[in-house]
Amino acid sequence: MTETVLSLQGVTLRYGKLTALDSVDLAIPPGAIYGFLGPNGAGKTTAIRCAMGLLTPQSGRVEIGGHDLKRNRRQALASVGAVIETPALFPNLTGRENLDVTRRLIGARPAQIDKALELVDMRDAAKRRVGHYSLGMKQRMGLARALLAEPRLLILDEPTNGLDPAGIRDMRALIRDLPTRTGATIFMSSHLLSEVEQIATHVGLLQHGRVLFDGSLDELSRQQTPRLIVEASPADTAAAVIAEAGFANAIREDDRFILADADALTPERAAALNAALHAAGCAVSELRLERADLETTFMTLTAQPEDAA
Amino acid sequence: MTNALIAEALKLRRSLVLLVAATPPVMVFALGVLIVASGNGPEEWTMQTMAGSAIWAFFLLPMSVIGITALIAQLEHGPNTWSHTLALPVPRWQVFGAKVLVTLGLMAVMSFAVAAAGWASVHVGLQLSDDLEMAGQFDPGLAFRLYGKMFIAGLLVMAIQWTMAMRFRSFAAPVSIGIGGTFVAVAATSAEQGLYFPWLMPVNVLASEGGRGDLAVMMGGIGGLIVFTLAIVWMSRRDWG
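Protein chains in written order, with numbering that gives the first Met the number 0: chain A, 0 to 308; chain B, 0 to 240.
Because the hints were derived from the structure by calculation, they are not lab data. None of these values were measured; they are calculated from a predicted model. Here a beta-carbon is modelled for each residue, glycine too, at the ideal position from N, C-alpha and C. Please note that the accuracy of each hint is not assured.
Stretch by stretch, here's where chain B covers chain A in the computed footprint (C-beta under 8 angstroms, at least three residues) [stated by the list, open to error]: (1) 98-106; (2) 275-283.
Some chain B residues close to chain A (C-beta under 10 angstroms, calculated; not the full set) [as the list claims (entries may be wrong)]: (3) A3; (4) R13; (5) F58; (6) R236.
From just these sequences and the hints, can you work out the full model?
Structure (C-alpha cells):
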C-alpha cells in the first residue's frame, strides 16, 4: 500500500437531501504539492473541513499520518497546519500575539514564532495589529500560524483568494518553496487551474462532491488525448490528404482540422502528414501537436466549461 | 488546560470585552457619588451596601452578562476563527472550558469592582458634602457575602447567555434573550414564582423571607454548573461547519 500523509476513504457527507461529498477518495503522498481543484461549490472546503475534523461525515474514514481522525483526533491533527478559507486572525491582537495564542494552545516552543515569521517573511510586521494588515499580509500570517507546529501536512484552502497579481505571485513562490524549506506536504485547494498547474505535483479534481481524478499531473495529462491541429488550404485537398494518411476522427472547421486519433498522433506521423500536404500542393499555415493543459483536461473531465474559472 | 486559559486571556487584549467590563463599576461609582453628595442616598452603611448590590443584581449583572458573553463569543465569531481554533490538536472541552473560566473570572472581577466602587463612591460623595455622615461602618464581610451569593445565584443566567452567545454567530439571539429575560425579571420581581426564573435568582439573594435567598443561590449555582457542563459537552461534539 502506498504511503500517504492524508487519505480520505469513501467520505460521504449529506445535508438532508443534498450530498455535499459523495464517497470521496483522496490519497496525498508525502512530499507532494497537491492541488485540490474544483469549481466554486464543488465541495472542496467541505472536504477540507472533514479532513480537519470540523465536520463529521456520515460514512467513510479520514487518516492523517496513519492516524484515524475519528479515533485519534489529537494525534492525527498534531502533524497538520491549516489555513481554512480566509486567514481568520484576531484583529485586536498583533501578528506575534496571534501566533502566541496558537503556540500556547498547541504547546509549541516560543522560538517557533520567530521561525515561522522568518519563513513567511513577516518578522517586521509582526508587531503591528492584524486589523491593520492587508489581505496578503493576513494570508502570510495565517500561513505562519499554520507552520507553528512544524507540520508534516500543510492544508491551504484557496490561499491566493482575493490577492492582487503581485500577491498571487508572491504566495505562489512561497508555497512552492515550502516543501523544501519545511519538509511539509502541501494540500491546497483552488478553483484557479493555472495557479495549481504552476506549482502542483499532484492534483485531485472534484465536482458536485465527487472525485473525478486523484493522482499526479503526469497521470492526469496522460488521460487527455493529444490533438493535432492542422490548418491548410485548399481545405478539400487537405481533407483528402488527411483521410488518405489514415487519420480517423478528423474534425473540420473550414480550413482547420483537429485530429484526435490517439493511436495515430506521433511526431513522426505529424511530419509525414506535413510532407504529404506539401506534396499535394497545400499551403500549411499551422501544424501543431497540442498537449492538453490542465484546464483542457479539467474541462474534458467535468464537461461543464461554464463552471470553471 | 493552563495553556488554554492563558490563550483565552490573551485574546482579550485591546478588545471591547475589557471596556464593557469596566463600565458597571465606573457607572456605579459615578452614580453613587452623585446620590451620596446630593443627600438622597441611604444614611447607613448596611443599607448603602444592600442598595448598591440590589442595583447590581437586578439590572447591571444581567446586562453585564449579556455584553461580556456576547463579546467573548464574538472574538471567535467575528473573524471566524472557530475553524482554526477547533482544528487544533487540543481537546475541545479545554477550549470551551477555558472560555467559561475567563467569562466567570471577568464576572467575578466585575462583582468585586462594583462592590469596591460602591464603597469608594460613598467616601468621595461624603467628601463633596461636608454636612453629610454615614451611620455605622462599612462591613466588607457583608459586601463579600452579598456579591458572592449573587455571583453564584447568577451562574444559571451566565450559563444560558454564554451558551447562546457561543452557539449563534449573530449576537442578536443572545442579546434578545438577555433583554427579554431582564424585562420579565422587572415585571415579575414580586411574583411568588419569580424565584424560579433564572434572571431573578440573583435578586432573590436579598429576599427577607427565610430560606428564599439560599434556595436562589442553590438553584442558580447548581443549575449554572449543569448548563455549563452540558454546553461544553455539546459544543465539543457538534460540527463546526
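Okay, the hints, checked on the actual structure:
A count of 7 residues in the segment 98-106 of chain A with a Cβ less than 8 angstroms from any Cβ of chain B is obtained; the coverage claim is therefore met, three being the minimum. Counting residues of the segment 275-283 of chain A whose CB lies closer than 8 angstroms to any CB of chain B gives 0, so the stated coverage by that chain is violated, three being the minimum. For the restraint placing A3 (chain B) at the interface with chain A, the shortest Cβ-Cβ distance is roughly 6 angstroms, inside the 10 angstroms limit, so the hint holds. Checking R13 (chain B) against chain A: minimum C-beta separation of about 4 angstroms stays under 10 angstroms; hint holds.
Checking F58 (chain B) against chain A: minimum C-beta separation of about 28 angstroms lies over 10 angstroms; hint violated. Because the beta carbon of R236 (chain B) sits about 9 angstroms from the nearest beta carbon in chain A, less than 10 angstroms, this interface hint is met.
Hints 2 and 5, counting from the list given before, are not met by this structure.
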